[in-house]
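Using the numbering used here, you'd call the opening residue of the sequence shown number 1 and step up by one each time.
A hint or two may mislead.
With a straight-line Cα cutoff of 27 Å, these simulated DSS-like cross-link-like pairs (lysine-lysine) come out [as the list claims (entries may be wrong)]:
(1) K193 - K48
(2) K275 - K305
(3) K48 - K103
(4) K379 - K305
(5) K145 - K103
Just so you know, the hints here were simulated from the structure itself, not pulled from any lab data.
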Amino acid sequence: MGVVCSSLHPQSRYNNHNSEDEYIDEIEEETFRDLDEFLIKKYYLAFKQYDQTKKTQLYILDKKIGYRDAKSLAKLLSTNETLTWIVMNNNDIDAKSAKALAKVLSDIKNILHFDIRNNNIGDVGAKAFAEALSKNSTLTEIDMKNNDFGDEGAKALAKVIRKNETLTYINADNNNIGAEGGKALVEALRDNKALTRVFMANNIIGDEGGKALAEALRHNETLTDIDISGNDIGENGGVALAEALRFNNTLTHMNINCNGIGDEGGRALAETLRKNSTLTHLFTANNMIYNEGARALTEALRHNKTLQLIDISGNGIDDECTEALVEALTHNKSLSLVNISNNRIGDRGGKALAEALLKSDNLTHVSMVNNRISDEGEKALAQSLVHSKAKSFITRESQR
Numbered sequence: 001m002g003v004v005c006s007s008l009h010p011q012s013r014y015n016n017h018n019s020e021d022e023y024i025d026e027i028e029e030e031t032f033r034d035l036d037e038f039l040i041k042k043y044y045l046a047f048k049q050y051d052q053t054k055k056t057q058l059y060i061l062d063k064k065i066g067y068r069d070a071k072s073l074a075k076l077l078s079t080n081e082t083l084t085w086i087v088m089n090n091n092d093i094d095a096k097s098a099k100a101l102a103k104v105l106s107d108i109k110n111i112l113h114f115d116i117r118n119n120n121i122g123d124v125g126a127k128a129f130a131e132a133l134s135k136n137s138t139l140t141e142i143d144m145k146n147n148d149f150g151d152e153g154a155k156a157l158a159k160v161i162r163k164n165e166t167l168t169y170i171n172a173d174n175n176n177i178g179a180e181g182g183k184a185l186v187e188a189l190r191d192n193k194a195l196t197r198v199f200m201a202n203n204i205i206g207d208e209g210g211k212a213l214a215e216a217l218r219h220n221e222t223l224t225d226i227d228i229s230g231n232d233i234g235e236n237g238g239v240a241l242a243e244a245l246r247f248n249n250t251l252t253h254m255n256i257n258c259n260g261i262g263d264e265g266g267r268a269l270a271e272t273l274r275k276n277s278t279l280t281h282l283f284t285a286n287n288m289i290y291n292e293g294a295r296a297l298t299e300a301l302r303h304n305k306t307l308q309l310i311d312i313s314g315n316g317i318d319d320e321c322t323e324a325l326v327e328a329l330t331h332n333k334s335l336s337l338v339n340i341s342n343n344r345i346g347d348r349g350g351k352a353l354a355e356a357l358l359k360s361d362n363l364t365h366v367s368m369v370n371n372r373i374s375d376e377g378e379k380a381l382a383q384s385l386v387h388s389k390a391k392s393f394i395t396r397e398s399q400r
């Protein structure tokens, strides 16, 4: 007669509990005397770096932090009094492990920066971090980029952001935040009085999210840097944002690349640039802005006195429009970097830009990668730029 095993199958064991949480919480963490011992046994490279920074910074990178380790780590960190900087990138941290780690933000007293990018915390993990943030009074920066959370996680974060008084930077790039979550997040900016940098690139907030952000920017008085590239805000969102900038007096950096704002959005931006006196960096690449919108933008540069960088790459600009840009640059005294790569500029436009560089005292960098400049045209450009003050005039990818 064979031996009969009395152990329950894992799934059967799970079925004997009321919830997955109850089952997982039975997994006990290993016992360690202190954080040093844990790191030495589990993540030695992290311990070396931690020790070198006098135990103020902890980096655990490119490992797999499962629930058991997360629970042990959270317990050990909860009483730590020296750490100010925690980075846990690329560790395959799932929602359950994130719930355990989030408690650290509630307990640890001196934490300023928490980075959990490139994991898989989902909405459950994002909600846990939001709850922890509501109890934290020291954190200034949190990076949750690329973590597969959507509207529910974003809405939970938005509730905290409305009242938070210490957080100055949040990164929610590359998640699944749609219009509902996007609107909640950006509407929270109306009430927030601390955030200066908000990154939400490559989500799906759409034109409704874009318009909600525009309304928030009319009232926000602290934000200096916003990135909503790759969010499909379209013409309506682009126009709304442009109009909002006429009322905003703090924003210096705005990235709206890859949003399809079109010529209509380009014209609205141009009108704003004529009067705006705070924006210094504008990224509006790959936005389906063709000659009509681009001409309006270049004309606005004649009047703008603060913009230092403009990126209008990937927008179908041709030689004629480039010549208009050159004319505007002769009047502009603030721009130092122009990116017009991936357009339709030929030898004529390239030559005009080279001549502008020769005459300009402020323009130092021009990128024209992937245009239609011939080999002969490039030689002529190189020759004409020998005596230019420009630090770079890039026409090929290999020159980057």
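- Message: I'd like to know which numbered hints this structure contradicts. Please list them from smallest to largest.
- Response: Hints 1 and 4 contradicted; others consistent.
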